[in-house]
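Undergrad: Quick one: dock chain against chain with the hints and give me the complex.
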Amino acid sequence: NAGVMQNPRHLVRRRGQEARLRCSPMKGHSHVYWYRQLPEEGLKFMVYLQKENIIDESGMPKERFSAEFPKEGPSILRIQQVVRGDSAAYFCASSYASGRSPQHFGDGTRLSIL
Amino acid sequence: GQQLNQSPQSMFIQEGEDVSMNCTSSSIFNTWLWYKQEPGEGPVLLIALYKAGELTSNGRLTAQFGITRKDSFLNISASIPSDVGIYFCAGHLNQGGSEKLVFGKGTKLTVNP
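Heads up: the sequence lines are chains B and W, in that order. Numbered according to our numbering, the first sequence spans residues 2 to 115. Numbered according to our numbering, the second sequence spans residues 331 to 443.
Chain W on its own, in the form it takes in the complex (with noise of 0.2 Å):
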């Protein structure tokens, strides 16, 4: 089945840092969407992209569609406490009239004051 390779596992930064993470598949996605996770809770959109090559922003965050249509990366600049969290991709599978998400296993960000 469809994988996502998701990059880094896990980020230490200090308060105020830019950060990327990145997301890769062997299959192509109509849809990338990232995601921000918080413990104890569900998966919160942060940006969706619909377009090859498409670079959309959401703040801080700026993240964009991969030509190919096998890959995104998100941006976070200037990075503060709350960033903490972990972030995923999934790209959106529109086959056949089903539709699903296929998620990367997530980028765990520590933000150090």
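This is chain B alone, in the form it adopts within the complex (with noise of 0.2 Å):
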């Protein structure tokens, strides 16, 4: 019964690559969320999607960021030509159904901008 799967759960990029971070759901959940957090920070909500299609990315940067989750395999959250406040935690979270179903969160990306 495994949970949210994030990988890498650590990635290290220099200046001006591309980082890309997965998460699979727990098994029977369709609805994907990615949120960034910031130390000593709340997270801080970026996208919303469903499978095939994006439902609100109201809090993704408009340029470098873009997220997906096909129809099959897990989604992907991918930020080009990183920049040093990139770094961050990312984390993604899941739920069965809209509405009461609570967001179940993994163990995020840590991701650090040489």
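A couple of the hints might just be wrong.
As the list claims (entries may be wrong) - Listed below are the simulated DSS-like cross-link pairs for lysine-lysine, each with C-alpha atoms no more than 27 Å apart in a straight line:
{"#": "1", "chain 1": "W", "residue 1": "Lys438", "chain 2": "B", "residue 2": "Lys28"}
{"#": "2", "chain 1": "B", "residue 1": "Lys72", "chain 2": "B", "residue 2": "Lys52"}
{"#": "3", "chain 1": "B", "residue 1": "Lys72", "chain 2": "B", "residue 2": "Lys28"}
{"#": "4", "chain 1": "B", "residue 1": "Lys63", "chain 2": "B", "residue 2": "Lys45"}
{"#": "5", "chain 1": "B", "residue 1": "Lys45", "chain 2": "B", "residue 2": "Lys28"}
{"#": "6", "chain 1": "W", "residue 1": "Lys435", "chain 2": "B", "residue 2": "Lys63"}
{"#": "7", "chain 1": "B", "residue 1": "Lys28", "chain 2": "B", "residue 2": "Lys52"}
{"#": "8", "chain 1": "B", "residue 1": "Lys45", "chain 2": "B", "residue 2": "Lys72"}
{"#": "9", "chain 1": "W", "residue 1": "Lys435", "chain 2": "B", "residue 2": "Lys45"}
{"#": "10", "chain 1": "W", "residue 1": "Lys381", "chain 2": "B", "residue 2": "Lys45"}
{"#": "11", "chain 1": "W", "residue 1": "Lys435", "chain 2": "W", "residue 2": "Lys381"}
{"#": "12", "chain 1": "W", "residue 1": "Lys438", "chain 2": "W", "residue 2": "Lys400"}
{"#": "13", "chain 1": "B", "residue 1": "Lys63", "chain 2": "B", "residue 2": "Lys52"}
{"#": "14", "chain 1": "W", "residue 1": "Lys400", "chain 2": "W", "residue 2": "Lys381"}
{"#": "15", "chain 1": "W", "residue 1": "Lys400", "chain 2": "B", "residue 2": "Lys63"}
FYI, nobody ran anything at the bench for these hints, they're computed from the structure.
TA: Next up, the structure:
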């Protein structure tokens, strides 16, 4: 009964490179959310996806960031041409349905930019 | 945008003491949730509150959803060392087909044995 699986757990990139973060939701969950956490801060919403659809990307920067949740395979958060300010912990959550179905979180990917 | 004010920012207590932390908002939320996060891990759901005025317990944890739907508190009774961590409140927004959680900045709990 695996929970939300994220990989890699730690990712180091140089400025200008691309970062790809993966998230496999809990079994039976078709709603995926991505959040970003800076040190000493709470989590900030980035994007909400259902299978093959982006529902709300209002929390995601307009440039360099993109997210997808294909019909098969994990959800991917992609950051192009990374900058130092992208260093953060990125968490994925999933839920069974919308509304009262609570979101369950993975253990995150810690992204460090050199 | 919506913001949650969580207090206190940190607490240092002795094992066995009770703990209380709260969260307030200028906006109404339909659901309040409390999560605990330990170093290097993701937030773990402790309690979910769905109805204004609702009081819910989970072992030594008790949480209430304020009657105005703009606040919530979490109590931990008889604290133990493994209660150490950061506790986050989160309000659930369901607007225009979108779903998101708005988080407070957390209460960092330290328990001295």
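Undergrad: Which constraints among the numbered hints does this structure fail? Numbers only, ascending.
TA: Per hint list: 1 and 15 violated.
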